[in-house]
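We have chain R already, so just place chain L on it with the hints.
Next come the chains, spelled out residue by residue.
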Amino acid sequence: AQKITQTQPGMFVQEKEAVTLDCTYDTSDQSYGLFWYKQPSSGEMIFLIYQGSYDEQNATEGRYSLNFQKARKSANLVISASQLGDSAMYFCAMRESGTYKYIFGTGTRLKVLA
Amino acid sequence: GAVVSQHPSRVICKSGTSVKIECRSLDFQATTMFWYRQFPKQSLMLMATSNEGSKATYEQGVEKDKFLINHASLTLSTLTVTSAHPEDSSFYICSASSLERLNTEAFFGQGTRLTVV
Chain R
1 AQKITQTQPG MFVQEKEAVT LDCTYDTSDQ SYGLFWYKQP SSGEMIFLIY
51 QGSYDEQNAT EGRYSLNFQK ARKSANLVIS ASQLGDSAMY FCAMRESGTY
101 KYIFGTGTRL KVLA
Chain L
115 GAVVSQHPSR VICKSGTSVK IECRSLDFQA TTMFWYRQFP KQSLMLMATS
165 NEGSKATYEQ GVEKDKFLIN HASLTLSTLT VTSAHPEDSS FYICSASSLE
215 RLNTEAFFGQ GTRLTVV
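Residue numbers (the numbering used here), protein chains in the order written: chain R, 1 to 114; chain L, 115 to 231.
Just chain L, with the same shape it has in the complex:
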C-alpha cells in the first residue's frame, strides 16, 4: 500500500506556543489530504480537507485560525496548532489520497500525539 509519513509522532509543548505537524505522501502525489483529531478512547473526527494549491475546507466547529492547514505541494500538508492550550492535547492523524486513489482505501500517517503543558 501507499506510504504516508507523519512527523513528529509525539510532541510536548508549552501553552501559548505553536506546533507544526507534517504529513507526507512518500510514493504518490496526494491531491487531497484529510486531518483528523482523536480524543482518548474516541473516534476520529474530521477537522479539515486540504487540496493541493487551495485553501483547506474546515468542518463545522473547527477554528480555522487555531488550526492552520497548508498543502503547498503534492507530497506535503502541514497542520499548525497555534497558541496551543491544554485542551488542544489530542492525537492528530492525517490521511492522503489522489485522484487515482479516491476510490481506494485511505492511507493514514502514523499519527501525532500532542501534549500541551
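Next up, chain R with everything else stripped away, as it sits in the complex:
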C-alpha cells in the first residue's frame, strides 16, 4: 500500500533562516508524483512544488526546493529565507498513478519566529 510519512509534527525556524521539512514515501509504482501543499489557518490548500518520479533534477519554485532522493524514497521540502507568512501546516502528498488520487501525510506545523 502507498504511504506518506511526515515525522515532524511541529517545527520552529527563525525568520530569514532555512528549514527542511521531512517526507518519506512508500510505493511500488514506478511512475508517481510527489507534491507539497501549504495549509494556512484559513484552510485552503496552496500548491507549492511538484516532483515527478522520473525527474532527474530536484524541483525548485522560488524559495521552495524539493530534495528528492529516490533510492531513499524521500522528498524533503526546503524553504529558504523563511518569512513570518510561512507559518502554516505543510503536507507532503503522493499522487497514485492510474487513479490520480492523492495520499497525504500527517503534516508538519511550521512556526516562523521573528
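Any given hint could be a false lead.
Straight-line C-alpha distance at most 30 Å; calculated DSSO-like pairs for lysine-lysine [said to hold, decoys possible]:
| # | chain 1 | residue 1 | chain 2 | residue 2 |
| --- | --- | --- | --- | --- |
| 1 | L | Lys-128 | L | Lys-178 |
| 2 | R | Lys-101 | L | Lys-180 |
| 3 | R | Lys-3 | R | Lys-101 |
| 4 | L | Lys-155 | R | Lys-73 |
| 5 | L | Lys-180 | L | Lys-134 |
| 6 | R | Lys-101 | L | Lys-134 |
| 7 | L | Lys-178 | R | Lys-101 |
| 8 | R | Lys-3 | L | Lys-180 |
| 9 | L | Lys-169 | R | Lys-3 |
| 10 | L | Lys-155 | R | Lys-111 |
| 11 | L | Lys-155 | R | Lys-70 |
| 12 | L | Lys-169 | R | Lys-101 |
| 13 | R | Lys-73 | R | Lys-101 |
| 14 | L | Lys-155 | R | Lys-101 |
| 15 | R | Lys-16 | L | Lys-155 |
| 16 | R | Lys-3 | L | Lys-155 |
| 17 | L | Lys-155 | L | Lys-128 |
These aren't lab readings, by the way, just hints derived from the structure by calculation.
Treat the numbers as computed from the prediction; the structure is a model and nothing was measured.
Then chain L, alone, in the frame of chain R:
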C-alpha cells in the same frame, strides 16, 4: 493556476438536517473531482472520487448513503451530508481535475467547515 470555488465556507446545522456543499471549477472542465475530510490537526482523508456523469467511487469506510455525491456537470460537484450528526462536524474540501490536468497539481477549493449542533 486553475480556480476551484467551494461554497459555503462555513455552515452550522442542526442534528438530523442535511447540508449541501458545492464545488465548482471556474475556468476548466473538471471531469474528476475528489472530496476529502479533515479532522482538526489531522491530515486530509479521501472520501470519494466523482467522475462527471457517473456514480462516485467511495473509499472504504465511507457511507454512501450518508455522504451523497453528485457530479452532474463538468463544472459542478456537490456533497450532501444527510441526517447530519455532531460527529459529522469536520472540514470538507474538494479538489478538481480534468483529463488535461491529471498530470498537474490538484486544485483545491477553499474548504467548508461544517458544525452540527
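Item checked: Hint check, failures only -> Nothing - there is no hint that the structure violates, so all of them hold.
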